[in-house]
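**Student:** Based on the provided sequences and hints, a complete structural model is requested.
So the chains spell out like this:
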Amino acid sequence: MSTQLKNLPLDAENIINFSSHRNEPKWFTNIRLKAFELAAKLPLPKPEKTRIDDWNFTDFRFDTKGTSVKSLNDLPEPVRQLLDETEQAGSVLIHHNSEPVFANLTEDLKNKGVIFTDLATAIQEHGDLVQKYYFKTDKWDKHKLTAIHAALINGGSFLYVPKNVQIETPIQAIYFQDASSSGLMAHTIVVCERGSSVTYVESYLSDSSVGSGAANLISEVFVGENARIKFGAVDHFSSGVVSYVSRKAKVEKDGSLQWALGQMNDGYTVSENDTNLEGDGSSVDTKVVSIGSGAQKQNFDNYIRHAGKATTSRLLVRGVQKDSAHSIFNAITKIEHGASKADGEQTQRVLMLSKDARGDANPILLIDEYDVIAGHAASVGRVDPAQLYYLMSRGISKEIAEKLIVEGFLEPVVDLLPIEGVKKQLSELIERKVG
Amino acid sequence: MTAPELKIEDLHVSVEGKSIVKGFNLDIKGGEIHALMGPNGTGKSTVASAIMGHPKYEVTQGSVTLDGRNILEMAVDERARAGLFLAMQYPSEVSGVTNADFLRTAINGRRGEGNEIPLMKFIKTMDKKMQLLEMDQSFAERYVNEGFSGGEKKRNEILQLMMLEPEFAILDEIDSGLDIDALKWVAKGVNAMRSDHFGCLIITHYQRLLNYIKPDKVHVMMNGRIVTTGGPELALRLEDEGYDGMKAELGIKDDETVEA
Numbered sequence: 001m002s003t004q005l006k007n008l009p010l011d012a013e014n015i016i017n018f019s020s021h022r023n024e025p026k027w028f029t030n031i032r033l034k035a036f037e038l039a040a041k042l043p044l045p046k047p048e049k050t051r052i053d054d055w056n057f058t059d060f061r062f063d064t065k066g067t068s069v070k071s072l073n074d075l076p077e078p079v080r081q082l083l084d085e086t087e088q089a090g091s092v093l094i095h096h097n098s099e100p101v102f103a104n105l106t107e108d109l110k111n112k113g114v115i116f117t118d119l120a121t122a123i124q125e126h127g128d129l130v131q132k133y134y135f136k137t138d139k140w141d142k143h144k145l146t147a148i149h150a151a152l153i154n155g156g157s158f159l160y161v162p163k164n165v166q167i168e169t170p171i172q173a174i175y176f177q178d179a180s181s182s183g184l185m186a187h188t189i190v191v192c193e194r195g196s197s198v199t200y201v202e203s204y205l206s207d208s209s210v211g212s213g214a215a216n217l218i219s220e221v222f223v224g225e226n227a228r229i230k231f232g233a234v235d236h237f238s239s240g241v242v243s244y245v246s247r248k249a250k251v252e253k254d255g256s257l258q259w260a261l262g263q264m265n266d267g268y269t270v271s272e273n274d275t276n277l278e279g280d281g282s283s284v285d286t287k288v289v290s291i292g293s294g295a296q297k298q299n300f301d302n303y304i305r306h307a308g309k310a311t312t313s314r315l316l317v318r319g320v321q322k323d324s325a326h327s328i329f330n331a332i333t334k335i336e337h338g339a340s341k342a343d344g345e346q347t348q349r350v351l352m353l354s355k356d357a358r359g360d361a362n363p364i365l366l367i368d369e370y371d372v373i374a375g376h377a378a379s380v381g382r383v384d385p386a387q388l389y390y391l392m393s394r395g396i397s398k399e400i401a402e403k404l405i406v407e408g409f410l411e412p413v414v415d416l417l418p419i420e421g422v423k424k425q426l427s428e429l430i431e432r433k434v435g
Numbered sequence: 001m002t003a004p005e006l007k008i009e010d011l012h013v014s015v016e017g018k019s020i021v022k023g024f025n026l027d028i029k030g031g032e033i034h035a036l037m038g039p040n041g042t043g044k045s046t047v048a049s050a051i052m053g054h055p056k057y058e059v060t061q062g063s064v065t066l067d068g069r070n071i072l073e074m075a076v077d078e079r080a081r082a083g084l085f086l087a088m089q090y091p092s093e094v095s096g097v098t099n100a101d102f103l104r105t106a107i108n109g110r111r112g113e114g115n116e117i118p119l120m121k122f123i124k125t126m127d128k129k130m131q132l133l134e135m136d137q138s139f140a141e142r143y144v145n146e147g148f149s150g151g152e153k154k155r156n157e158i159l160q161l162m163m164l165e166p167e168f169a170i171l172d173e174i175d176s177g178l179d180i181d182a183l184k185w186v187a188k189g190v191n192a193m194r195s196d197h198f199g200c201l202i203i204t205h206y207q208r209l210l211n212y213i214k215p216d217k218v219h220v221m222m223n224g225r226i227v228t229t230g231g232p233e234l235a236l237r238l239e240d241e242g243y244d245g246m247k248a249e250l251g252i253k254d255d256e257t258v259e260a
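Chains as they are written, first to last, in the working numbering: chain A, 1 to 435; chain B, 1 to 260.
Honestly, the hints are just simulated from the structure, not real lab data. The structure presented is a predicted model; accordingly, all values stated were derived computationally and were not measured. A portion of the hints provided could be inaccurate.
As the list claims (entries may be wrong) - Computed cross-link-like contacts, BS3-like style, restricted to lysine-lysine with a CA-CA straight-line distance of at most 27 Å:
| # | chain 1 | residue 1 | chain 2 | residue 2 |
| --- | --- | --- | --- | --- |
| 1 | A | Lys403 | B | Lys7 |
| 2 | A | Lys398 | B | Lys121 |
| 3 | A | Lys403 | B | Lys214 |
| 4 | B | Lys56 | A | Lys322 |
| 5 | A | Lys355 | B | Lys56 |
| 6 | A | Lys403 | B | Lys153 |
| 7 | A | Lys424 | B | Lys247 |
| 8 | B | Lys7 | B | Lys214 |
| 9 | A | Lys398 | B | Lys153 |
| 10 | A | Lys34 | A | Lys132 |
**Tutor:** Here it is in C-alpha cells:
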C-alpha cells in the first residue's frame with residue numbers, strides 16, 4: 001500500500017484507444033482526455049486528519065476482463081449469495097472486473113420507460129440523458145481522484161425512473177473484482193423524476209486475488225420533485241484495495257432520500273457522502289455503519305446541506321474500531337441563509353474495541369439562518385460495562401456478549417437493506433469483521 | 001436430584017471503599033420462597049448485586065455457595081450458568097439485539113455447544129411463556145428493553161426468568177413502579193416457577209407483592225444485616241407499623257449506610 005506513484009502510468013493514447021473500443025461519443029472521450037491531463041496536475045483531496053499522500057490511488061489495471069454469464073447460476077458463489085432466491089428474474093445488473101456480465105430488467109419496468117443498464121450502454125443508447133446528469137452533483141476537476149475517475153471510468157450503472165412511476169421491488173447492482181491488481185472506476189447515476197420512487201442497492205466486493213488494487217467510485221443520485229429514493233450499499237473491498245468512494249445526491253422540492261450504507265472495506269478508504277437538500281420541504285435520512293479492523297486507515301465524511309426551506313435531515317453514523325485501525329468521522333450539517341424552518345440532526349457514535357485503535361468523531365454545524373432546529377451528538381467510547389454485565393448475568397460469555405452488543409450497534413443499517421441476500425451479506429461481514 | 005441450596009454466610013460487601021453489607025447470613029433451599037424487606041438504603045440490592053457478581057461490588061468477607069460450590073470465584077456468566085438468576089431493578093437496554101436472539105443465545109450458553117435448543121422448540125416455549133405473562137408477540141422481535149416502559153421491562157425480566165429456568169432467582173424490587181395488573185403478571189410468572197428445584201429471594205419494600213406470592217420466610221434487613229426473621233405475618237406487621245416501630249423494638253439506630 002505504500003507505492004508512491006503520484007501519476008497514472010498511462011498516456012493519452014491508451015485512453016483514446018480504450019474509449020474508442022467502447023464506442024463512446026466524442027463528448028465523453030473529451031472529458032476523459034481533459035480529466036487525464038488534469039489528473040497529473042490536481043492535488044489529492046485533503047480529508048481531515050488523515051494523510052493519504054502515500055496511498056495507492058494510481059497503480060492498477062483498468063482494463064480487466066469479466067466473464068459473461070447466461071444464467072445467474074453460473075455466477076461466482078459470493079455474487080450469487082447476494083441475490084434473492086425468490087427474485088431470480090428481478091432487475092439486476094452484475095459487473096465482473098471492468099465488464100458488465102449480466103443484466104436483467106423486468107418487462108413491466110421496461111414498458112413503463114424505466115432504464116437500467118451499465119453506464120457504457122447508457123452512454124451509447126441514452127447519451128443525452130447521461131450527459132444531463134453526468135458529474136452534476138460534483139465536478140470531475142475537483143481534485144486528483146475525481147479526475148482519475150473521469151479519465152478512466154470502466155464501469156458503472158445507470159438507473160432512470162420516469163415521472164410518476166413507483167417501483168416496489170428493489171433494483172440491484174453488484175460489482176465483483178477478482179482480476180489481479182484491478183482497479184474499478186465505477187460511475188453510477190440514479191435518477192427519479194417527479195413523483196416516482198425506487199429502491200436501489202449496490203454491492204461492491206473484491207476477492208483477495210486482486211492483491212493490491214484501487215477502487216474509485218462515484219454515485220450520483222437525483223431525487224426529483226416529490227420523488228422518493230432509498231439507496232442502500234454494502235462496500236467490501238479486500239485489504240489490498242485502496243478505495244475512494246463518493247456518493248452525492250441532490251433532492252428537489254418535497255423529495256425524500258434515504259441512505260443506508262454499510263462500509264465494510266478491509267483496505268484504506270476515503271468516503272464522502274453528500275446530500276444537497278436543494279428543494280423546499282425535501283428531506284434525507286442517512287444511516288452509515290462501518291468497521292475498522294487490522295491496520296486499516298479510513299476517513300468518513302458525511303455532509304448535508306440545507307438550501308431549501310423546511311428541509312429535514314437525520315444523520316446517524318456508527319463505527320466500530322478494533323485492532324490498530326484508525327478512522328476519522330466528520331459530520332457536517334450546513335444550513336444556508338434562507339433555509340428557514342430547516343431541521344437537521346446528526347449523531348455519530350464510535351465504539352472502540354481495542355487500546356490500539358483510534359477513532360475521532362467531529363461534529364460540525366454551520367448555520368447561516370436563525371429560524372432553524374439543529375442538533376448534534378458525538379461520542380467515542382467502549383462497550384458499556386452495564387450492558388455487558390446484564391448479558392453475562394443471563395449466562396452469556398463475555399466474548400459473545402460483546403459480539404451481540406457490537407452487532408446490535410451496527411444493526412440500524414442492516415435493518416434498512418431491502419434485499420435479503422445483501423442484508424445477510426452485511427450481517428455476515430459484521431460478524432466476520434467483529435469476530 | 002437433591003434439592004438445590006443457596007447459602008450465604010457472613011457476607012460483607014463494599015462499594016467504592018464504603019462498607020454496605022456487614023455480616024449477612026441466609027440459607028435458601030429449593031422449593032422455598034423468601035422475602036427480604038427493609039427500608040431504603042439498608043443494603044438489600046447490594047446483597048443481590050454482589051451475589052450476581054456486579055463488578056462495582058466488592059465482597060470483602062464471607063462466602064456464597066450454590067450446592068456447595070463457591071460462586072464468588074466465578075465470573076458473572078459462570079454464576080448464571082451455575083443456576084443463578086437476578087431480575088434487575090434497572091435492566092439495561094441493548095439496542096439492535098432482539099429479545100428472541102438474546103434469550104436464545106442465553107439458553108444456548110447454558111446448554112453448551114452441540115446441545116443448542118432446536119429453533120422451533122425455542123419459539124414455541126417463548127410463545128407460551130409470553131402468553132402466560134400476557135405479553136404481545138411483538139416483544140420477541142423488539143430490541144432488548146429498548147423503548148420499554150418500566151412495567152414492560154419488569155415483565156421482560158420475568159420472561160427471562162421463565163425461559164432460563166434457574167435454580168435460584170433473586171428478584172430485586174421487581175414490584176417497584178408496577179401497577180396492580182403488572183404485579184399480578186409478575187406473581188403469575190413466579191408462581192408458575194414454583195417447584196422443589198427452584199428457590200427464590202424476593203427483595204421488596206412493600207408487602208403488596210407478597211399477597212400474590214406467598215413467602216415461606218420473611219427477613220428484615222437493616223444496617224447491612226438481617227435483624228429479624230419470621231413468616232408471612234411479619235410482612236403484614238411491617239405494613240401496619242412501618243420500620244420505625246421495629247427499629248425501636250430492636251434497639252437499632254440508623255447509620256449512614258446508603259444503597260449504592
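**Student:** Run every hint past the structure and note whether it holds.
**Tutor:** Hint by hint, here is what the structure shows:
1. A:Lys403 <-> B:Lys7: violated (34 Å)
2. A:Lys398 <-> B:Lys121: Given that 27 Å is the threshold and the Cα spacing comes to 26 Å, the pair holds.
3. A:Lys403 <-> B:Lys214: Distance of about 40 Å is beyond 27 Å: violated.
4. B:Lys56 <-> A:Lys322: Within the cut-off at roughly 26 Å; holds.
5. A:Lys355 <-> B:Lys56: holds (22 Å)
6. A:Lys403 <-> B:Lys153: At roughly 23 Å apart (the allowed maximum being 27 Å), B:Lys153 and A:Lys403 satisfy the hint.
7. A:Lys424 <-> B:Lys247: Violated, at roughly 61 Å.
8. B:Lys7 <-> B:Lys214: holds (21 Å)
9. A:Lys398 <-> B:Lys153: holds (23 Å)
10. A:Lys34 <-> A:Lys132: With a Cα-Cα distance of about 19 Å, the restraint between A:Lys34 and A:Lys132 holds, given a limit of 27 Å.
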